[in-house]
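With chain A fixed as given, assemble chain B onto it according to the hints.
If you read the sequences in order, they're chains A and B. Residue 1 is where the first sequence starts when you use this note's numbering, and the numbers rise one by one after that. Residue 1001 is where the second sequence starts when you use this note's numbering, and the numbers rise one by one after that.
One thing to keep in mind: the hints can contain errors.
[Claimed, not checked] Here are the simulated DSSO-like pairs of lysine-lysine, each with C-alpha atoms no more than 30 Å apart in a straight line:
(1) A/Lys2 to B/Lys1082
(2) A/Lys47 to B/Lys1034
(3) B/Lys1034 to A/Lys7
(4) A/Lys2 to B/Lys1034
(5) A/Lys104 to A/Lys47
Keep in mind that the hints were calculated from the coordinates and are not lab data. Owing to the predicted nature of the structure, the values given are computational and were not obtained by experimental measurement.
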Amino acid sequence: MKFLSDKTLEHLREAAEVPDLAGTRYRLLERVARGGMGVVYVAEDEKLQRRVALKVLDVPGEDGELAQRLIREALVLARLEHPGIVPVHDVGTLADGRVFYTMKLVQGQRLDQYIDSIASILDRLRIFLRICDAVAFAHAHGVLHRDLKPANIMVGSFGEVLVMDWGLAKLLRQEVRPSDQAADPEATIFEKPAQARNSNAGIALPSGTTGYGTVMGTPGYMSPEQARGDIEHLDARSDIFSLGALLCFLLTTDSNASDAAVGGQRLDKALKAICSKATAPSPGDRYPTLPELAQDVSRYLDGLPVQAHRESFIERLTRFYRRYRFFILLIGAYLLMRVLILVFMRR
Amino acid sequence: MALDFAAAEEELGNTVMDPAKIPSAESLEEFFEKEWLRSLFSLAVEELRQFCVARGRERTCRLFEPYDLDDHENISYAQLAKEYAMTVNDVTNALAWARREFRRIALERLRELCGSEEEFQREARAAFGSKAI
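Excised from the complex, chain A in its bound form (with noise of 0.2 Å):
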């Protein structure tokens, strides 16, 4: 038997790994990333002439555990037709007998890597919003997203924001058809089906049955009932500490940003009450629902009190000249120039 060395070893992990995709439409690119459950390479859709993102498995089978996780982020995607969601093209197994799906292809820097060259806190809070807008959207539609983090979201080369790997994702219900939508505004009361089904291709959509005692997530933007394994009983507002979390790393972390505000030394106060309360260890304390977090941001955006803090007549002035900053300014400059023409005048 000849004798392997390690290097022969790690070459032939390595050219084992690539995916055999003869008989499918894709031809291989190159690797791209390498995820929790497979690697994500570039491929070519050669029917369509177009450069996709194709996931795949380390392991074959249709059966097991990663496979059918798998199988699931690729249905919850199809089902999430979002702007701020990377669509999914085609899921399928290979001729080796793994997984595989293939989504848009996206060009762009994930927000940890992003984040240096947003300069402003106000663009910040913006991309912050176009996220929730997005996560708002799955929730809607009764998907929880779970692992949600600065390298799960892609900023492309366009400003695009895109919410990206669905792999932990839990479906909690139903999708819920407009009708019900505009019946139930706010749609994030969740409830477990028994089974859900992809309507369209009438393949069981695994339920992806996470046991209590599971802990999936990270670290640091995973909430405490997440961190406990407590499956059963995580919402929306689970996914609101996520988001939370990923705000204050929006706000807090240290750039070559001119905004003095960004670095956390002078971060305004209602924006820290923000991040508190979507923080706040106890479910119950934090937003109920995600458009209510959005709601604080804009308002603070729009320069109006946030829900978040109550504030006190100095900051309610503050706030008042901020947003009115401009004719306060006006109005002084007017003032001030009717009293320098009366003090003329009298001379």
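Same frame as chain A, now just chain B:
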């Protein structure tokens, strides 16, 4: 039988041990994992060789060995194509076939060794899930 404990203690005391040379539990584990993988891959390579012979694809095996098993860094598909009077495309296809079969065989052997599907999935990820990039 007389046992000279005092002399033995003295001898032990004079032995200078380099703490760096004491293998940690982690390094032992890594060593074991690597040797286990080496043994699995060696078995798979041997079986692939037999499979190639049975299928009349000895030439594929001869391409696979220098390119994927020997530590030749500078060997190229073009060189192999020239050496075996084949097109580069044929070399590419032959190597892709060999790697696919190698992976299949290795996974089959791994499945036989594992007690459950869960264990197999875990071990397969450890064997074929290369390091994060």
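Hint check results:
1. A/Lys2 to B/Lys1082: Distance ~26 Å between A/Lys2 and B/Lys1082 Cα, so the pair holds.
2. A/Lys47 to B/Lys1034: violated, 42 Å
3. B/Lys1034 to A/Lys7: Given pair B/Lys1034, A/Lys7 holds - Cα atoms ~11 Å apart, limit 30 Å.
4. A/Lys2 to B/Lys1034: holds, 16 Å
5. A/Lys104 to A/Lys47: holds, 15 Å
Comparing the model with each numbered hint stated earlier shows that hint 2 is the single one that does not hold.
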